[in-house]
Amino acid sequence: MDILFGSIVSGVLIGMVLALVALGLTIIFGVMDIVNFAHGEFLMIGMYTGLLTAQATGMDPLFCLPVAAAVGFVLGVLCYGGFVKYLLRGPMIAQLLGTFGLMLVLRNLALLFFGSEDRALHHGLLVGKSFDIGMGIILSATKLATAVLSILSFGAVWLLMNRTKIGKALTATALNRQGARYMGIPTERMNMLAWGIGGATVTIAGALIVNFWSVTPYVGLIFTMIAFTVVALGGFGSVPGAFFAGLVVGLIMEIPGFWDFFQLSFAIDWMADVPMISFKYTWIYVAYFVIMLISPRGLFGWKQ
Amino acid sequence: MEAIRNALDFSDFPKTDLGVALAVLVFLFCFPFFPHSAFAMATMIQFFIFSLYGMGWNTIGGYGGQVDLGKAQYVGIGAYTTMVCLLRWDIPFWVSMPIGAGLSICWSFIIGYPLFKLKGHYFAIATIATSLVLKDLFEVWKFVGAARGLGILPYKYHPPDFWRLIFKEDVYYYYIIFAFFIVGLLYMNWFRKSRLGYQLRSIKDNEEVARSLGVNVHWAKIKTYAIATAFVSVVGSFHAVYVKNIEPEDTMSLDISILIALMAMLGGAGSLWGPVIGAGVLIPLKSYLKEWLGAAAGLLGIDLIIYGIIIMIISAFEPRGLWGIIEKIRRRRRI
Amino acid sequence: MKSFSKSAKRLGLVLIAVLALPSVLFAAEEIKIGVLFPLTGGAASAGRELRAGAELAADIANNVMPDLNMTMAKNAGIKSLGGAKITLIFKDHEGNPTLGADLAKKLILDDKVHGLMGAYHSAVTKAVSGVAEQYGVPLINDSSTSPDLTRQGYKWFWRATPHDNYFTKDLFEFLKGMTEGKVKGLAAVPKKDITNLAAACEKTEWGSAVAELIEKFAKEYGFELKKSILYGAKATDLSGEVRSLTAVKPDAMLFASYGSDSILMMKTLKDQKAQTRVLWGQNAGFEVPEFVNTLGDTTIGVLTRTVFIPKVGQVKPVAAKVNAMYKAKTGNDLSGASARAFTGLQAWVHVLEKAGSLKPEDIQKAANAIEIAGEELVVPWQGIKFATTGEDIGQNILGSGLIGQYQKRADGKIDLEIVYPFNLATANMIYPFPKF
Numbered sequence: 217m218d219i220l221f222g223s224i225v226s227g228v229l230i231g232m233v234l235a236l237v238a239l240g241l242t243i244i245f246g247v248m249d250i251v252n253f254a255h256g257e258f259l260m261i262g263m264y265t266g267l268l269t270a271q272a273t274g275m276d277p278l279f280c281l282p283v284a285a286a287v288g289f290v291l292g293v294l295c296y297g298g299f300v301k302y303l304l305r306g307p308m309i310a311q312l313l314g315t316f317g318l319m320l321v322l323r324n325l326a327l328l329f330f331g332s333e334d335r336a337l338h339h340g341l342l343v344g345k346s347f348d349i350g351m352g353i354i355l356s357a358t359k360l361a362t363a364v365l366s367i368l369s370f371g372a373v374w375l376l377m378n379r380t381k382i383g384k385a386l387t388a389t390a391l392n393r394q395g396a397r398y399m400g401i402p403t404e405r406m407n408m409l410a411w412g413i414g415g416a417t418v419t420i421a422g423a424l425i426v427n428f429w430s431v432t433p434y435v436g437l438i439f440t441m442i443a444f445t446v447v448a449l450g451g452f453g454s455v456p457g458a459f460f461a462g463l464v465v466g467l468i469m470e471i472p473g474f475w476d477f478f479q480l481s482f483a484i485d486w487m488a489d490v491p492m493i494s495f496k497y498t499w500i501y502v503a504y505f506v507i508m509l510i511s512p513r514g515l516f517g518w519k520q
Numbered sequence: 129m130e131a132i133r134n135a136l137d138f139s140d141f142p143k144t145d146l147g148v149a150l151a152v153l154v155f156l157f158c159f160p161f162f163p164h165s166a167f168a169m170a171t172m173i174q175f176f177i178f179s180l181y182g183m184g185w186n187t188i189g190g191y192g193g194q195v196d197l198g199k200a201q202y203v204g205i206g207a208y209t210t211m212v213c214l215l216r217w218d219i220p221f222w223v224s225m226p227i228g229a230g231l232s233i234c235w236s237f238i239i240g241y242p243l244f245k246l247k248g249h250y251f252a253i254a255t256i257a258t259s260l261v262l263k264d265l266f267e268v269w270k271f272v273g274a275a276r277g278l279g280i281l282p283y284k285y286h287p288p289d290f291w292r293l294i295f296k297e298d299v300y301y302y303y304i305i306f307a308f309f310i311v312g313l314l315y316m317n318w319f320r321k322s323r324l325g326y327q328l329r330s331i332k333d334n335e336e337v338a339r340s341l342g343v344n345v346h347w348a349k350i351k352t353y354a355i356a357t358a359f360v361s362v363v364g365s366f367h368a369v370y371v372k373n374i375e376p377e378d379t380m381s382l383d384i385s386i387l388i389a390l391m392a393m394l395g396g397a398g399s400l401w402g403p404v405i406g407a408g409v410l411i412p413l414k415s416y417l418k419e420w421l422g423a424a425a426g427l428l429g430i431d432l433i434i435y436g437i438i439i440m441i442i443s444a445f446e447p448r449g450l451w452g453i454i455e456k457i458r459r460r461r462r463i
Numbered sequence: 126m127k128s129f130s131k132s133a134k135r136l137g138l139v140l141i142a143v144l145a146l147p148s149v150l151f152a153a154e155e156i157k158i159g160v161l162f163p164l165t166g167g168a169a170s171a172g173r174e175l176r177a178g179a180e181l182a183a184d185i186a187n188n189v190m191p192d193l194n195m196t197m198a199k200n201a202g203i204k205s206l207g208g209a210k211i212t213l214i215f216k217d218h219e220g221n222p223t224l225g226a227d228l229a230k231k232l233i234l235d236d237k238v239h240g241l242m243g244a245y246h247s248a249v250t251k252a253v254s255g256v257a258e259q260y261g262v263p264l265i266n267d268s269s270t271s272p273d274l275t276r277q278g279y280k281w282f283w284r285a286t287p288h289d290n291y292f293t294k295d296l297f298e299f300l301k302g303m304t305e306g307k308v309k310g311l312a313a314v315p316k317k318d319i320t321n322l323a324a325a326c327e328k329t330e331w332g333s334a335v336a337e338l339i340e341k342f343a344k345e346y347g348f349e350l351k352k353s354i355l356y357g358a359k360a361t362d363l364s365g366e367v368r369s370l371t372a373v374k375p376d377a378m379l380f381a382s383y384g385s386d387s388i389l390m391m392k393t394l395k396d397q398k399a400q401t402r403v404l405w406g407q408n409a410g411f412e413v414p415e416f417v418n419t420l421g422d423t424t425i426g427v428l429t430r431t432v433f434i435p436k437v438g439q440v441k442p443v444a445a446k447v448n449a450m451y452k453a454k455t456g457n458d459l460s461g462a463s464a465r466a467f468t469g470l471q472a473w474v475h476v477l478e479k480a481g482s483l484k485p486e487d488i489q490k491a492a493n494a495i496e497i498a499g500e501e502l503v504v505p506w507q508g509i510k511f512a513t514t515g516e517d518i519g520q521n522i523l524g525s526g527l528i529g530q531y532q533k534r535a536d537g538k539i540d541l542e543i544v545y546p547f548n549l550a551t552a553n554m555i556y557p558f559p560k561f
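Protein chains in written order, with our numbering: chain A, 217 to 520; chain B, 129 to 463; chain F, 126 to 561.
The set of hints was computed from the structure by calculation and includes no laboratory data. Careful, some of the hints might be misleading.
Stretches of chain F that chain A covers, calculated by requiring three or more beta carbons in the stretch to come under 8 Å of a beta carbon on chain A [stated by the list, open to error]:
1. 342-356
2. 394-403
3. 454-460
It should be emphasised that the depicted structure is a prediction, and the values quoted were computed from it without experimental measurement. The C-beta atom is built at its ideal place from N, Cα and C for all residues, glycine as well.
Let's have the full structure, built from the sequences with the hints guiding it.
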């Protein structure tokens, strides 16, 4: 029973973080039809930012979030203004190629500057602390804090998108670019803003994740895939969709835990022979495939 | 006969192009006679391998406009079939290669049917997903060596073994893959002028129009996907006997898929010479940059940074790749 | 006519001399050994250690160091080759087997090395040994421990380090010893207290081999392997894996992980408050200096198999001296990795000295006949002698392993203490493993 509760709680906590990872992708996709393959690399940069700021200043990594957000915002704006703007004129194939190029450049810049070794935070207010609240639920303090901050970030973005003028302008750009321009909305600036916000959310996610996961220059890709799955499930362009989809994907990642639970509690021998843990990420890919086939709009999608 | 004549007919290209192509072919043919380092030889073989991968990708990705980022799974199927056949039953390369291609095609039909219901980005990501699922499966599948992979024990065979394709000197591999390269080029030349080739281009331009003209869009895509697959799988088989040690991480990693697609897109998707140009530029660039800047100067990853920047510039300013640039220059001259 | 044929002959001789010149000329000056190590990537910290160890050995071989009681320290260079010096050509394989094989080919064909050494990761060594075999270039392996490597029947491959069959057997001997009260400072532990095992090994050649061995020996020694998982190397997150391990409530947890994974594993165990009585790591990531430097007190009580622990210096003066030299060079003590890289190159020096020639066949013959006495070595082995028959061709049959435990010294520093073999034990064992 322990492992069941442990897995569920862990899945939900991780899910909230994954939702935050995907949030930036869904905002960008919502405002303009472009899929950013360098998304995971933004996250990786957020992770390094959090890690290095914390190590350089001796601050707790959790307080480095504003730095990470600023870096992400600037990065997003620069990427859009300096590069993506030009990509949008070309066909989809060029967009894929271009964001791949961006991915390669960012990843290898990180490799050049930070080296290929894994880095992880070993010190901090919450690092290494955890609470055992019984029934097999062990809450690691960092994950808990991360989940809370993820919810806060989501709330902030939701408010921004739905309760402010800027958010309305963004939504208008997303729904009908031509129309928005006629209404006097500077769509070009809105695009840039979308990239800025997208970049900031994902680097925040990165700075949170680095509290408990280690970072290498190659870490981005798996998160890109996870983010795609989350966004596909939640519906491309939907903010609340991303949140709930994140939770679902977090639980999908815990499938090996559920498998163990069934195997141990019902003593099913053949289940023990299946190396389910090796398929930890496989289920995410499978989920993406299945979701896209059944419902290309996802749970809350309004854009196809 | 008609098909062969078509494959050999390059008359729709300008004379200068054919002249350059011939000169390059002659150079490639003579390359092993010049003094060269083993490193240069290995780079050339990589160039052939990737231009063939690129040609395969070009059918579905270039002519068909379906960005496929999961080609590594077929490299894996081809490589593993050859390796398993050789190690378990001593089946020579020339038999296991078609078996591998057959298996790849079967798998491509199985996943191609649902895959092609998706479009654009969704399709691209889904191909990545399938490729990674297959890799994860191979990593636990004991029959194919699981994560440890499979390796050829060199002393068990007597090189040069033309039947099993096991050689000591790279020059044999060079000429064999060179032959593959010529055949691949001729096939592509035939393909672009075939019925399927025209159907694909109409699909790429506008799927609705193609459908209204009576093209079975879904089926045409699946068929082309199978062709692309066979190409990649055959080269994958060659890769297995060439490197002699394969494991999932190595043959089926996403990096391979991306490299294949990038090479063709960079050279010019949807043109005959595109993949060859792409591989011809990128492979030497990559290995020599790595050798000079990466390993020697300790600047890790600088090769891929330069590489990525080139890709970014090309994609932003000339989405049709290097071939597009060449054509643009030519058009300007004519005016 | 006669004079013509004579001059032709002479010309021929000159030609031959010219053609053979590189090998003759260089024979007197330098011996090139290509060394493949993971200088970047997840095992980079081990790579640095390995490199420093090999370089130190080459230094000792190339210079006279009278105060060091080692044969190779007595001469400058290889005496039987006219004092030829050893040059090491390092290549970085990043832990990637295909890259390793490529580099090996390049070393053999372009750099014309006389021999190879490396490559730490068993998967890479496997690929490299295939290349060496194909080209007939001797490869002495220093630190790859998958048993399969010497079971491929290669004639150009020798391995100085004991392999995992020995090490895993040591582990089970040790566990058995615990139940029999043989461990220093520990009364006999009831068998039921340590009978349930759980293992997590990384998913490449080496980890897979270790996982199989653990399964095999567990059965043989009557332990119960409740859970055995392979996890993806270079993982960023191991919480699912750890939960899966702790779910079976294991008495002993056994790991095989490279560099960064082992640190991540320990952190995750701590995060999840995993409880176990014995925590054992299969060398590699568990004994690089980074492991203690980053984890600090968390490591207290962790057991790791290794071949070298600085404490060996107490009984082996040579080891203490080399360790001091190494520490002066790098700031760290010799570890299992660097000690083995050192020993691997030392084996090369002895082989070359015995061969007296740089012809591959002579080196092969010398390697098969070599016998290095235990006193020469820094590691506590009986010596180096490569098997020429039997199951493990090319395997050093005189090697042995140690099991060490991280313990806190009086001055607050954390050190490895020897707990196995029992007669060499330097400290009382900490049991059970402290709670996180």
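Where does the structure disagree with the numbered hints, that is, which hint numbers, in rising order? 3
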